[in-house]
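J.: Next come the chains, spelled out residue by residue.
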Amino acid sequence: MDPIKQLKTHFRTLRLSDEERGAMRDVLLTRMRATQALPRIPSPYAGVFMTLTFKRMTAFVAFLAVITAGTGSVAAAAEGAVPGDTMYAVKVHFNERVATLTALTPSSRAAVATSHAERRLEEAEVLVARGELNETVAMELSERFSKSAEEAIIHIDGLTNKDLEEATIASVEFETVLSAHGRILDDIVTARADEVPEVVAVLRADLAERAETIARKRDESRLAFVDEEDGRQASERIFASVSRDAQDAAENLARESKGLEPEDVLALESRASAIAIALDEGRAKYERGAYGDALAEFERAKSYIGIGERLLEAKARFDEPGEMPEDEMPIEEPVEQTIATTMVEDALAPEVDTMMMATEMRVMATNTATDTATTTELKKEAPREFVPRVPRPIRINLTP
Amino acid sequence: MDSKATETAFLELHTRYADPLFRHAYFRVSDRDIARDITQESFLRMWEYLSAGNQVDNPKAFLFRVAGNLVIDHYRKKKGTSLETLQEDGFDPIGDDAEGITDAAEGTHVMKALSGLPAKEREVLMMRYGEELSVSEIAAILGESANAISVRIHRATKRLRDLFDHGPN
Chain A
1 MDPIKQLKTH
11 FRTLRLSDEE
21 RGAMRDVLLT
31 RMRATQALPR
41 IPSPYAGVFM
51 TLTFKRMTAF
61 VAFLAVITAG
71 TGSVAAAAEG
81 AVPGDTMYAV
91 KVHFNERVAT
101 LTALTPSSRA
111 AVATSHAERR
121 LEEAEVLVAR
131 GELNETVAME
141 LSERFSKSAE
151 EAIIHIDGLT
161 NKDLEEATIA
171 SVEFETVLSA
181 HGRILDDIVT
191 ARADEVPEVV
201 AVLRADLAER
211 AETIARKRDE
221 SRLAFVDEED
231 GRQASERIFA
241 SVSRDAQDAA
251 ENLARESKGL
261 EPEDVLALES
271 RASAIAIALD
281 EGRAKYERGA
291 YGDALAEFER
301 AKSYIGIGER
311 LLEAKARFDE
321 PGEMPEDEMP
331 IEEPVEQTIA
341 TTMVEDALAP
351 EVDTMMMATE
361 MRVMATNTAT
371 DTATTTELKK
381 EAPREFVPRV
391 PRPIRINLTP
Chain B
1001 MDSKATETAF
1011 LELHTRYADP
1021 LFRHAYFRVS
1031 DRDIARDITQ
1041 ESFLRMWEYL
1051 SAGNQVDNPK
1061 AFLFRVAGNL
1071 VIDHYRKKKG
1081 TSLETLQEDG
1091 FDPIGDDAEG
1101 ITDAAEGTHV
1111 MKALSGLPAK
1121 EREVLMMRYG
1131 EELSVSEIAA
1141 ILGESANAIS
1151 VRIHRATKRL
1161 RDLFDHGPN
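So the sequences go chain by chain: A and B. Counting in the numbering used here, the first sequence runs from 1 upward without gaps. Counting in the numbering used here, the second sequence runs from 1001 upward without gaps.
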């Protein structure tokens, strides 16, 4: 067993016994009940979530209307930005905040947090592939990833107490993101070994650790399904949903196989087989009444599908040198991030007028390396396809 | 919030943080009873602080800070001198107790490897995997940059794996 896993296992044995814990709770309860004025207890999640007062919420809803009406193209253009790009602040401080605030159900909040965590990983991958990731940016991305990942876990934990089926789906999606991007980072880092900051290795370890934790939690919560009618129905519904995903995935794989190398085609076929086997195994266990085990197989199938999709996307992104369309704007050189960030953060103030000004920003971009200055004007124009420049192709391994 | 809800909320904090806090104390005092007392006292002090009308933005950071101060108090009473003076003289609460920790965790191979690490590297692995602190939390507690902590964790992990697989030298 890996020594870190052993370490964690041993540390976990160092804990309060049930008797010690019970005795401590009794002492705390006695003190609490002796207190006259009840205090406000901070949430265990304090510091993780952004809270808005009613006034800011009203102003922000107005802001959303403005964004939708006139600046949708700006927001869309920002979606492919990575740290160092002018539009990155828009992506993180506008687009992602909007997504967070408009996620109203627990499962959508889990999905948004998972999506934001995935975006940080994609950005790290692109920058490593380009040879542009320095220690500072790697650290910032790692911290932001951790924050979004923690939010996702908190929402999934919350769902586990309310809706086990939605929790299962959210948990599998989160684990799939971690596993897929762990593999992609492995391939990219292998190809760029001499250019990768040390902290990326910490990020990779973090992904593996979190994937293991979320899978273990899901195994534990799945026990609640065994022999229950709810478990049977949940298995049935998840099987139906995964079967549909599998059909779409099979069609997608057949389409993507054209033009791939034979070993990649073989890898995709192996993945398709693994998906089919997991579904068959799940069906067989369902028929036997082993609903918990059936669910585990359906989760596995869903994860295979999600990982396969992401590996294919990464292959399209990194396995061929990127070419810039003729009419594309030049990729901005590293900008004075503080300028853009300050302007964007000013635009997030509750006053609607200030927010409307955000649609007509003018940013001065300075190339600090060459001492040339270019002015980049953000105009309302059609969103541009994000085509990362990858100077040297990176082999993405598609095997299951 | 009524009294029942208040109790439930505070006990939720206890459920969530009691074990990591206990390990945080135990790694530093190597005595189960004292670590348990420090854990309990940390929660009681937090309750008193809240009851006095104060606000806590980050309950986890608050509890670990209180526990850290209680550990220092313990050593002051025990050694009769300041912890800072002790550290200046080369005393390290975690480093010197490596043997105790090895015994407590049944002297396994991995714990022996852990005791072979330099003190600062051992400390961050314990905080990360034993006390379940994030990189930024460790950085805040130790007063260093998150980047430096990340790199130290990475190096400590590599060294632990080497010691685990190949032994010393």
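Simulated from the structure, these hints should not be mistaken for lab results. Heads up, the beta-carbon is just placed ideally off N, CA and C, and yes, glycines get one too. Be aware that a few hints might be false.
[Claimed, not checked] In the DSBU-like style, the derived pairs of lysine-lysine whose C-alpha atoms are separated by at most 30 Å in a straight line are:
| id | chain 1 | residue 1 | chain 2 | residue 2 |
| --- | --- | --- | --- | --- |
| 1 | B | 1077 | A | 5 |
| 2 | A | 5 | B | 1004 |
| 3 | A | 162 | B | 1158 |
| 4 | B | 1004 | A | 8 |
| 5 | A | 147 | A | 258 |
| 6 | A | 162 | B | 1112 |
| 7 | A | 217 | B | 1158 |
| 8 | A | 258 | B | 1158 |
| 9 | B | 1112 | A | 8 |
| 10 | A | 5 | A | 258 |
| 11 | A | 258 | A | 162 |
| 12 | A | 258 | A | 217 |
| 13 | B | 1158 | A | 8 |
| 14 | B | 1112 | A | 147 |
| 15 | B | 1004 | A | 217 |
[Said to hold, decoys possible] Over the 12 Å line for every Cβ pair with chain A, so calculated as not near, a few chain B residues:
| id | residue |
| --- | --- |
| 16 | 1005 |
| 17 | 1119 |
| 18 | 1152 |
J.: Which of the numbered hints above does this structure break?
T.: The structure breaks hints 1, 2, 3, 4, 5, 6, 8, 10, 11, 12, 14, 16 and 18; every other hint is satisfied.
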